[in-house]
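**Student:** Sequence:
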Amino acid sequence: MTEVVKFYILAHIVISLTGALLLLAIWYNISDRFKQTLQEASSPNRLDKGLLYLSLSIFVWVIAGCWTYAGHRLQFSDRNYFHMGNNLFSIVNDLFLFLALCYADHAPSFIHKNEKNSSRIIVVIIACGLLTLGLPALFLSSDQVDLLTIAALPDVLLSGFLTVLLIITFYKTFANRGLQIVAVIAVIAILSIFISILPGVFQNFFDDFTKDLIKITARTSFIAVTLVMATSWVIELANTPKPNEMTISFADWSLVKITIPSKKLFGATLEFGSKTTQYINLFKFAIRRKYGDEASQTILVGSGGEINNQTYVSRIIENMNDILVLKEDQKLDRKDLFTFVGQGRYRLRIVPENIKIDQTLLREFVNAPENQNYKQIVSANTDGTPLSGAQRAL
574 MTEVVKFYIL AHIVISLTGA LLLLAIWYNI SDRFKQTLQE ASSPNRLDKG
624 LLYLSLSIFV WVIAGCWTYA GHRLQFSDRN YFHMGNNLFS IVNDLFLFLA
674 LCYADHAPSF IHKNEKNSSR IIVVIIACGL LTLGLPALFL SSDQVDLLTI
724 AALPDVLLSG FLTVLLIITF YKTFANRGLQ IVAVIAVIAI LSIFISILPG
774 VFQNFFDDFT KDLIKITART SFIAVTLVMA TSWVIELANT PKPNEMTISF
824 ADWSLVKITI PSKKLFGATL EFGSKTTQYI NLFKFAIRRK YGDEASQTIL
874 VGSGGEINNQ TYVSRIIENM NDILVLKEDQ KLDRKDLFTF VGQGRYRLRI
924 VPENIKIDQT LLREFVNAPE NQNYKQIVSA NTDGTPLSGA QRAL
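My numbering numbers the first residue of the sequence shown as 574 and each following residue consecutively.
Calculated from the structure, these hints are not laboratory results. Among these hints, one or two may not hold up.
Stated by the list, open to error - Capping the alpha-carbon separation at 30 Å, the derived lysine-lysine pairs in DSBU-like fashion look like this:
(1) K857 with K948
(2) K857 with K904
(3) K815 with K929
(4) K908 with K929
(5) K948 with K830
(6) K908 with K745
(7) K857 with K908
(8) K904 with K622
(9) K830 with K904
(10) K745 with K900
(11) K929 with K848
(12) K830 with K900
(13) K848 with K900
(14) K908 with K622
(15) K815 with K837
(16) K745 with K837
(17) K857 with K830
(18) K929 with K857
(19) K908 with K837
(20) K745 with K904
(21) K837 with K904
(22) K848 with K904
(23) K908 with K848
All values reported here derive from a predicted model rather than from experimental measurement.
Sequences are here, hints too, so could you generate the full structure?
**Tutor:** Take a look at the structure:
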């Protein structure tokens, strides 16, 4: 093992270990400091879990680096089982990265909070690992065919698929947070990681120096990008309004007043005007949150639910931002007002006692033929408080 190779391997181990520990420290800090905010969401897809899986994926690089160092030090780096071990580490890394994507808000819709599709892809990843173990047995003499390493094919195909998912997720995440330059760097880093594994499949794709340079540069860049993502998420969590500090008041049709101190909004008036669909959907969330029990406080979005799809929920926030003409640091995010509670169901984050609804407006709404289920929710008033005269008259 030359000094250059030793330097590359040890640098790879140290950089990966440092990055993994930093991500793990940020994850622990988030879980501890923002425990109440995270648990308030009651969501099975807490983003801090995604950060944990990201750190574990980088820890796999540390173990792979130790395996590579041992292979060169003990002189078994030319054996088939050494290369198979590298492929397996890469697949395990892909598994943790995919698990992290399952918790990302900007992941492609077919895996974002979709347990069935996610489970199927996890099965495929495990199958690729088993196939990597089984392929060498089919090529007893050598798994090299015309400078092509057959045993590495499952890894490169899986990595190609995951590269597309990572590019979409990271680019949308940073672009949504106004970090366009970081979004471009993230794309370059992810593509570089994929390119760095190609020599494991196609022999003589790069010389050793170029291959090692691309790999360590790509992984260092990716670690830096994940740290930026984690830091930006900490800032986002710190700016997330607390449920008990927000108030909302429905004074008349299409007229709403809202207070969110962390966004510097105090009694801000929203006139939805012709945007009646968004107003009614927000009104429904408010009624359920204020008068409903735990089961009836949520609304099913999509999948034949009361609200057709996610777009209608997002439009509520978009219209509020447009109507109030908010500055960039004041703009509301969907997570500020709505909580995902699993199985496609959402509820308003504002605590019931901070929701004010004009009784005449409420009576007009629940007495409409299409809103009889809301009349039952209000009439039941299962929170244990006495019914007001207006409510008894419904």
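**Student:** Which numbered hints does this structure break?
**Tutor:** none
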